[in-house]
Amino acid sequence: MSDLHTVNKSPFERPSLDTCLRLSKPGSSILLYEDGVYAAVAGTAASDKVSGALADKKVYVLEPDFKARGLKADRLIEGVEMVDYAGFVDLVDACDKVQAWV
Amino acid sequence: MKFAIQVNEGPYQHQASDSAYHFTKAALEKGHECFRVFFYHDGVLNSTRLTTPPQDDRNVVNNWMELAEKYDLDLVVCVAAAQRRGIVDEGEAQRNGKDATNLAPRFRISGLGQLVEAAIQCDKLVVFGD
Chain E
1 MSDLHTVNKS PFERPSLDTC LRLSKPGSSI LLYEDGVYAA VAGTAASDKV SGALADKKVY
61 VLEPDFKARG LKADRLIEGV EMVDYAGFVD LVDACDKVQA WV
Chain D
1 MKFAIQVNEG PYQHQASDSA YHFTKAALEK GHECFRVFFY HDGVLNSTRL TTPPQDDRNV
61 VNNWMELAEK YDLDLVVCVA AAQRRGIVDE GEAQRNGKDA TNLAPRFRIS GLGQLVEAAI
121 QCDKLVVFGD
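Residue numbers (my numbering), protein chains in the order written: chain E, 1 to 102; chain D, 1 to 130.
Worth flagging that the hints you see were computed from the coordinates, not collected in a lab. You may find that some hints are simply not true.
Short derived list, chain D residues pointing at chain E, Cβ under 10 Å [unchecked claim]:
{"id": "1", "residue": "GLN6"}
{"id": "2", "residue": "GLN13"}
{"id": "3", "residue": "HIS14"}
{"id": "4", "residue": "GLU29"}
{"id": "5", "residue": "HIS32"}
{"id": "6", "residue": "LYS124"}
{"id": "7", "residue": "LEU125"}
{"id": "8", "residue": "GLY129"}
Subject to a maximum C-alpha distance of 25 Å in a straight line, what follows is the list of computed DMTMM-like cross-link-like pairs (lysine to aspartate or glutamate) [unchecked claim]:
{"id": "9", "chain 1": "D", "residue 1": "LYS30", "chain 2": "E", "residue 2": "ASP93"}
{"id": "10", "chain 1": "E", "residue 1": "LYS57", "chain 2": "D", "residue 2": "ASP123"}
{"id": "11", "chain 1": "E", "residue 1": "LYS58", "chain 2": "D", "residue 2": "ASP56"}
{"id": "12", "chain 1": "D", "residue 1": "LYS30", "chain 2": "E", "residue 2": "ASP3"}
{"id": "13", "chain 1": "E", "residue 1": "LYS25", "chain 2": "D", "residue 2": "ASP89"}
{"id": "14", "chain 1": "E", "residue 1": "LYS67", "chain 2": "D", "residue 2": "ASP56"}
{"id": "15", "chain 1": "D", "residue 1": "LYS2", "chain 2": "E", "residue 2": "ASP93"}
{"id": "16", "chain 1": "E", "residue 1": "LYS67", "chain 2": "D", "residue 2": "ASP130"}
{"id": "17", "chain 1": "E", "residue 1": "LYS97", "chain 2": "D", "residue 2": "ASP130"}
{"id": "18", "chain 1": "E", "residue 1": "LYS97", "chain 2": "D", "residue 2": "GLU29"}
{"id": "19", "chain 1": "D", "residue 1": "LYS30", "chain 2": "E", "residue 2": "ASP74"}
{"id": "20", "chain 1": "E", "residue 1": "LYS57", "chain 2": "E", "residue 2": "ASP93"}
{"id": "21", "chain 1": "E", "residue 1": "LYS58", "chain 2": "D", "residue 2": "ASP123"}
{"id": "22", "chain 1": "D", "residue 1": "LYS70", "chain 2": "E", "residue 2": "ASP90"}
{"id": "23", "chain 1": "E", "residue 1": "LYS97", "chain 2": "D", "residue 2": "GLU33"}
{"id": "24", "chain 1": "D", "residue 1": "LYS25", "chain 2": "E", "residue 2": "GLU81"}
Facing chain D, according to a computed beta carbon distance under 7 Å, are these residues of chain E, among others [claimed, not checked]:
{"id": "25", "residue": "GLU34"}
{"id": "26", "residue": "TYR60"}
{"id": "27", "residue": "ALA86"}
{"id": "28", "residue": "PHE88"}
{"id": "29", "residue": "VAL89"}
{"id": "30", "residue": "ASP93"}
{"id": "31", "residue": "VAL98"}
{"id": "32", "residue": "ALA100"}
{"id": "33", "residue": "VAL102"}
Quick reminder that beta carbons are idealized off the backbone N, C-alpha and C, glycines included.
Here chain E stands alone, though its shape is the one from the complex (with noise of 0.2 Å):
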């Protein structure tokens, strides 16, 4: 079993994403949520920080708030899990503890 971190601020925006990746443990998972999708977005400057995380850690992002935000499958970091709000139940029932990065 292992922590699930939810993010839900752009990387752009606010550090949220920083802490979460240098505190969360290897084997943890990440969900992007809300603002939090941006950091999935192949491509920018925060991209390689996600890719990089993926060596270790899985990464989900919510696929509703992700196709809100006008962006589409294609533009997602290879690796990058999408998961419905259903998905999202299951990654909290799965996981030992939830720490929001708010």
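Add chain D to chain E, keeping to what the hints say.
Chain D only, in chain E's frame:
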């Protein structure tokens, strides 16, 4: 699995309340239990029955009320945060000499101990906020 939900933001400043609502709804639809939803800080603004959003806009207060009705949810509003923001029920109106109440049906005002209890009783506490 038994969830508890904490909502720290009102309906119009941030997406947190919508996210919390959709998460709670999805969890209940999957058959999970929600021990309590605790509204804290500006989150208490989700509990006023006096909001009248445009008809083509989502009504966050009604959404929570309907979900509570369907699943018998315990929607708890933090008393200290509510007093600061003018969220009032009968008891608070009497205690503080107010001439009106605005707490929506299905919500109740109580103390921070309810959040602590929810955190102890639930399997997972999920926090939504800014």
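The hints, checked one at a time:
Checking GLN6/D against chain E by beta carbon gives a least distance of about 9 Å; that is within 10 Å, so the hint holds. For GLN13/D, the shortest C-beta to C-beta distance to chain E is roughly 13 Å, which exceeds 10 Å, and the interface hint is violated. Taking 10 Å as the C-beta contact cut-off toward chain E, the hint placing HIS14/D at the interface holds, the least distance being around 8 Å. The restraint placing GLU29/D at the interface with chain E holds, with a minimum CB-CB distance near 8 Å, inside the 10 Å limit.
Interface hint at HIS32/D: satisfied, since its Cβ lies 7 Å from the closest Cβ of chain E, which is below the 10 Å cut-off. Interface hint at LYS124/D: satisfied, since its Cβ lies 5 Å from the closest Cβ of chain E, which is below the 10 Å cut-off. Satisfaction of the interface hint for LEU125/D is found here, the shortest Cβ-Cβ separation to chain E being roughly 7 Å, below the 10 Å cut-off. Using the Cβ-Cβ criterion of 10 Å, the hint placing GLY129/D at the interface with chain E is satisfied: the shortest such distance is roughly 4 Å.
A threshold of 25 Å between alpha carbons decides the hint, and for LYS30/D with ASP93/E the separation of about 11 Å falls inside it, so the pair holds. Distance hint between LYS57/E and ASP123/D is fulfilled; the C-alpha atoms sit about 23 Å from each other, no more than 25 Å. Note on LYS58/E and ASP56/D: the hinted pairing is violated, with a Cα-Cα distance of about 38 Å set against a maximum of 25 Å. The straight-line distance between the Cα atoms of LYS30/D and ASP3/E is roughly 21 Å, inside the 25 Å bound, and the hint therefore holds.
The straight-line distance between the Cα atoms of LYS25/E and ASP89/D is roughly 45 Å, outside the 25 Å bound, and the hint therefore fails. About 20 Å separates the Cα atoms of LYS67/E and ASP56/D, which keeps this hinted pair within 25 Å; it holds. Only pairs whose Cα atoms come within 25 Å are accepted, and LYS2/D paired with ASP93/E is accepted, the gap being roughly 9 Å. Straight-line distance between C-alpha atoms of LYS67/E and ASP130/D comes to about 20 Å, which keeps the hinted pair within the 25 Å bound.
With a C-alpha separation of about 20 Å, the suggested pair LYS97/E and ASP130/D falls inside the 25 Å cut-off, and the hint holds. Note on LYS97/E and GLU29/D: the hinted pairing holds, with a Cα-Cα distance of about 21 Å set against a maximum of 25 Å. Simply put, LYS30/D and ASP74/E have alpha-carbon atoms about 29 Å apart, too far for the 25 Å limit, and the pair is violated. Restraint check: the Cα-Cα separation between LYS57/E and ASP93/E comes to about 17 Å, which is no more than 25 Å; the hinted pair holds.
For a cut-off of 25 Å, the pair hint linking LYS58/E to ASP123/D stands: about 22 Å separates their Cα positions. As the CA atoms of LYS70/D and ASP90/E are separated by approximately 22 Å, the hinted pair is consistent with the 25 Å bound. Straight-line distance between C-alpha atoms of LYS97/E and GLU33/D comes to about 16 Å, which keeps the hinted pair within the 25 Å bound. Proposed proximity of LYS25/D and GLU81/E is supported: the alpha carbons are some 22 Å apart, at most 25 Å.
Below 7 Å, beta-carbon pairs count as interface contacts, and GLU34/E has one with chain D at about 5 Å; its hint therefore holds. Annotation: interface hint on TYR60/E violated; nearest CB of chain D at approximately 14 Å, more than 7 Å. Taking 7 Å as the C-beta contact cut-off toward chain D, the hint placing ALA86/E at the interface holds, the least distance being around 5 Å. This hint holds: PHE88/E has a C-beta 6 Å from the nearest C-beta of chain D, less than the 7 Å allowed.
A distance limit of 7 Å between C-beta atoms decides the matter here; for VAL89/E the minimum to chain D is near 5 Å, and the interface restraint holds. Restraint check, ASP93/E versus chain D: the minimum CB separation of about 5 Å is within 7 Å; hint holds. Because the smallest distance between the Cβ of VAL98/E and any Cβ of chain D comes to about 5 Å, under 7 Å, the interface hint for this residue holds. Contact between ALA100/E and chain D, as hinted, is supported at the beta carbon level, the nearest pair being about 4 Å apart and thus within 7 Å.
For VAL102/E, the shortest C-beta to C-beta distance to chain D is roughly 4 Å, which falls under 7 Å, so the interface hint holds.
Of the numbered hints stated above, those contradicted by the structure are hints 2, 11, 13, 19, 26, listed in ascending order.
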